[in-house]
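Visitor: One-letter residues, chain by chain:
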Amino acid sequence: MAPKRHAASTTSAAPSAITTPAAPKLSSGPATLKANASAAEIAQHVWHQYSSTTPQRTLLLDAFMAFLVLVGGLQFLYCVLAGNYPFNAFLSGFGAAVGQFVLTASLRMQTSDSGVGSKPSSKGKNARFADEVEEGTGTSHERAFADYIFGSLILHFFCINFIN
Amino acid sequence: MRWCLALLVCCLLAAVNALSSSGSRLLAVLEDTDQKDLYSTLWADLEARGYDVSIESPKSDQLALFKHGERAYDHLLILPPKSKGLGPSLTPKHIVDFMNKDGNILLALSGKASTSSAVSSLLLELDIHLANDRSAVVIDHFNYDTLSAAEKHDVLVLQRPGPLRTDVKAFFDGEGVLALPRVAPQTLGGESTLLAPILSAPATAYSYNPKEGVPAPEDILATGSQLNIVSSMQARNSARFTVLGSVEALEDKWFSASVKTPSGTETPTVNREFAKQLTAWAFKETGVLKVDKVEHRLATEGSELNPSIYRIKNETVYKIEVSEYVYDKWVPFELPGDDELQLEFTMLSPFHRLPLKPIGRTETSTIFSAQFVTPDQHGIFSFRVNYKRPFFTAIEEKHEVTVRHFAHDEYPRSWVITGGWVWIAGLWAVIGGFLAFVVVWLYSAPVADKLKKTQ
Amino acid sequence: MHLWQATASFCLLAATAVPGVAASAWGFTDATVAVQPKGAGINGGFKDQLTPSKPLASPVSLVGADTLRVILTAQEGSSAKRPHQAFLLLKDGQTGLDISYPFSVKDNGKSRVELTQKDLPIQFLSLSNPVDARVVLGGFGDSTAYDSSVFQLSIDRNPEEAVPTVETERYGKKPEINHIFKDSASSPPIVITLAFVAMVGATIPVLAGLWHLLGANVSHLPTAFQSAPLSHATFLGSLIAFEGLLFLYYTSWSLFAFLPAAGVIGTIAFVSGSRALGEVQGRRLAGRR
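Protein chains in written order, with full-length UniProt numbering: chain X, 1 to 164; chain D, 1 to 455; chain R, 1 to 289.
These are computed hints drawn from the structure, not numbers from a lab. Some hints could be false.
[Said to hold, decoys possible] As a list, the in silico PhoX-like pairs of lysine-lysine whose alpha-carbon atoms are at most 25 Å apart:
#: 1; chain 1: D; residue 1: K319; chain 2: R; residue 2: K110
#: 2; chain 1: D; residue 1: K290; chain 2: R; residue 2: K174
#: 3; chain 1: R; residue 1: K174; chain 2: D; residue 2: K398
#: 4; chain 1: R; residue 1: K118; chain 2: D; residue 2: K293
#: 5; chain 1: D; residue 1: K357; chain 2: R; residue 2: K174
#: 6; chain 1: R; residue 1: K106; chain 2: D; residue 2: K388
#: 7; chain 1: R; residue 1: K110; chain 2: D; residue 2: K152
#: 8; chain 1: R; residue 1: K174; chain 2: D; residue 2: K319
#: 9; chain 1: D; residue 1: K313; chain 2: R; residue 2: K182
#: 10; chain 1: R; residue 1: K174; chain 2: D; residue 2: K169
#: 11; chain 1: D; residue 1: K152; chain 2: D; residue 2: K290
#: 12; chain 1: D; residue 1: K398; chain 2: R; residue 2: K173
#: 13; chain 1: D; residue 1: K388; chain 2: R; residue 2: K173
#: 14; chain 1: R; residue 1: K81; chain 2: D; residue 2: K152
#: 15; chain 1: R; residue 1: K174; chain 2: D; residue 2: K211
#: 16; chain 1: D; residue 1: K290; chain 2: R; residue 2: K173
#: 17; chain 1: D; residue 1: K152; chain 2: R; residue 2: K106
#: 18; chain 1: R; residue 1: K173; chain 2: D; residue 2: K357
#: 19; chain 1: R; residue 1: K81; chain 2: D; residue 2: K211
#: 20; chain 1: R; residue 1: K173; chain 2: D; residue 2: K169
#: 21; chain 1: R; residue 1: K174; chain 2: D; residue 2: K293
#: 22; chain 1: D; residue 1: K388; chain 2: D; residue 2: K290
Because the structure is a prediction, the values reported are computed rather than measured.
In isolation and in its complexed conformation, chain X is listed as follows (with noise of 0.2 Å):
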């Protein structure tokens, strides 16, 4: 089912250390980058690491992301192409695509960092361990995960409630 190439892209990323997505130009990926690589190159290299050393389940946090960004451009590339009337629509409706990306965002926030954290303990380290980890340094996902959707439904709340 799943895609030759991403398949391929998890397994590789598996032995690399401990990377965050923001950072990837720093970690010491499977290709190393020459001093004086080109831009188009740069970003190769970028878009390589980012979609090498993240979890798929971070992905899919990424691309509702993106639909949010997409779904945010389009309407505010409307108010700007065809005025502002109604703008408690415009508000709400954008504001609705502005929240829910920083939402997720905080939600990826919390959950990319011992998303990787939790490889591990898929590959046979002492889950109890892990979690008392993720206890001590944080929110478990799930608790995150469950502000998430209470933070959302408050935010559908006002945005239905200011759209009229």
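Fit chains D and R to the given chain X structure using the hints.
Guide: Chains D and R alone, transformed into the frame defined by chain X:
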């Protein structure tokens, strides 16, 4: 309690007020009370119209315009005194106070003798001016009575005045000619809106002091229509002050005289009729307006009457019923000529000023109405009808209302506005995407695991 | 000149003869009207003879600082005499305005009057048509007074100068005022709106496609429902119900209908969600996520 009292007062007033809309107690001030027989027809006419005429000399001790701080008379008719003043109880201050308390005054002057300085200073307070030497007479070599003033030309023979302007009702018009012997002319100050001439001299008339010879050009104060024979001042409280230049015109002799102009034939005067018109107007038998009812409401059927709050852009109907008093009864008021009764919808300045159109009449009043849309501006507005016209008592109606904004549930729903569809779609797309994301997040198995399994 | 005087007096006689009155009538002779521009000599400018019987054919123009001068000799019958009234009367037929300027008269009847625009009332300055200039002569006794138009006076102004106006307030109707409403905001063309709606709608399939590419699946759904069927069904159902509630609130419900329902569904979602997420956590800790 107060309501009962008001009703009682109304009943009493109705019983007392046989005629004038503002009381029947008339004081005629005549310096030499023996002369009252000269005006016997006038007194009889006034009494026949329901006035309670008391004739007093200004020298009389009993004479007082006020009793216990209230007016002792409703109307005052002052015939010209020969002495310097009108005595201690009729100083200009007393007379102005009398007007301030809604008393009406008819002041007659005479060109026979010079006008007393007290009268002159009283007139000056009202911006009505007499000639400098206070003894001028109006002369017209074209409109004089050849029978009685063949030599001196000082008995003017004039038509009764028509309307002052096309939008002013003529209260003093009619057929026939007036004889106006020895008129003391008045000129009116130009700045006052309260002054209105009733009868002006013809264009060829001029004034001069008969004690002097041929007037030098610089002595001629005013000529033609600037000279007023009868003028009026209606104060802001609608109290009336009327000046008649020729007291002799009220004498019995001139009520029944015949006159002849140089170019005309001998005709009887209509002085008696004119005296009736003049005293009726001066003592508020005519030209009195009253607002019976004011209504405003939304234009929709069955809406609340006179609500205190409106919304912006509401279609609103305003109705006002106006009566006019004509001699002895209230009749439906009719707008003179091309005049308009105007409604203003005002916050600081008028947002609307619209003509009120007559839409119907009751037995005693005309119903005027206007329909308009409240402005798209919220605030405290007032419906104002401010009808002030020459010779009519003032109408000042002000009804304050609040104009509010749209309430939150009065705006059109978002899907009604096509422009908002994109954002509505965006919102629901986000919500749908969110639900799908929840499912995916909860139940998506890691692909790597799956691959491992397949491997 | 003599001929002219003879004609004039003849005309006067003819005029007075008509009423058939024995008494004599007032009239004038030797009359001239002159307009002297400012600074010009005594003989500069316009000058014309006046006749008592007939006004001048063309209007006399009085411009700017010019001085209008009318000189005449008043006569009672045919003898020069000082009248009691000797006026130059300006009269406008349309507005009914009138104003008189007295002649300065000598005992021998010789009269003159001078007039500039400064002497005129402001109301006269804004008249468009020429006004009627009349001579009025009269006296006591039974002599017929004279009042007749002698010329038309056109009060012309320098077009560059503003006409002074009088702003005296008089009671009367005021100009009508109608409130000008702000333009109501209008929606853009429906085509643009529909195109964007379609584009926004198309983002959902895009998201689905993207997830498909990334290998999203719902493979754990059976697992989850096996281990905690009630809590998962309730949790998912309450979330969908909550969004449905929002839709009802959007279309028809009032806030006070929505809030209690939202409270109930929120509580259900909270209780079931904590269990369902516990199961999810169990799966994660088991390394299956």
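Visitor: Against this structure, judge whether each hint is valid.
Guide: Hints, verified against the model:
As the CA atoms of D/K319 and R/K110 are separated by approximately 67 Å, the hinted pair breaks the 25 Å bound. For the proposed pair D/K290 and R/K174, the alpha carbon gap of about 21 Å is at most 25 Å, so the pair holds. Only pairs whose Cα atoms come within 25 Å are accepted, and R/K174 paired with D/K398 is accepted, the gap being roughly 17 Å. A threshold of 25 Å between alpha carbons decides the hint, and for R/K118 with D/K293 the separation of about 52 Å lies outside it, so the pair is violated.
Under the criterion of a C-alpha separation no larger than 25 Å, the hint pairing D/K357 with R/K174 is consistent with the structure, at around 15 Å. As the CA atoms of R/K106 and D/K388 are separated by approximately 50 Å, the hinted pair breaks the 25 Å bound. For a cut-off of 25 Å, the pair hint linking R/K110 to D/K152 stands: about 24 Å separates their Cα positions. A C-alpha spacing of about 19 Å is found between R/K174 and D/K319, which places the hinted pair at or below 25 Å, so the restraint holds.
Note on D/K313 and R/K182: the hinted pairing holds, with a Cα-Cα distance of about 11 Å set against a maximum of 25 Å. About 17 Å separates the Cα atoms of R/K174 and D/K169, which keeps this hinted pair within 25 Å; it holds. Note on D/K152 and D/K290: the hinted pairing is violated, with a Cα-Cα distance of about 47 Å set against a maximum of 25 Å. Annotation: proposed proximity of D/K398 to R/K173 holds, straight-line Cα distance about 18 Å (limit 25 Å).
Between D/K388 and R/K173, the direct Cα distance comes to roughly 9 Å. Compliance with the 25 Å bound is thereby established for this hinted pair. About 18 Å separates the Cα atoms of R/K81 and D/K152, which keeps this hinted pair within 25 Å; it holds. Between R/K174 and D/K211 the CA atoms are separated by roughly 47 Å; this puts the pair beyond 25 Å, and the hint is violated. Simply put, D/K290 and R/K173 have alpha-carbon atoms about 19 Å apart, close enough for the 25 Å limit, and the pair holds.
For the hint linking D/K152 to R/K106, the alpha-carbon distance of about 22 Å falls within 25 Å, and the restraint holds. With a C-alpha separation of about 14 Å, the suggested pairing of R/K173 with D/K357 holds against the 25 Å cut-off. Restraint check for R/K81 and D/K211: satisfied, since their Cα atoms lie roughly 21 Å apart, inside the 25 Å limit. With a CA separation close to 13 Å, the supplied pair R/K173 and D/K169 stays within the 25 Å bound.
Proposed proximity of R/K174 and D/K293 is supported: the alpha carbons are some 23 Å apart, at most 25 Å. With a C-alpha separation of about 12 Å, the suggested pair D/K388 and D/K290 falls inside the 25 Å cut-off, and the hint holds.
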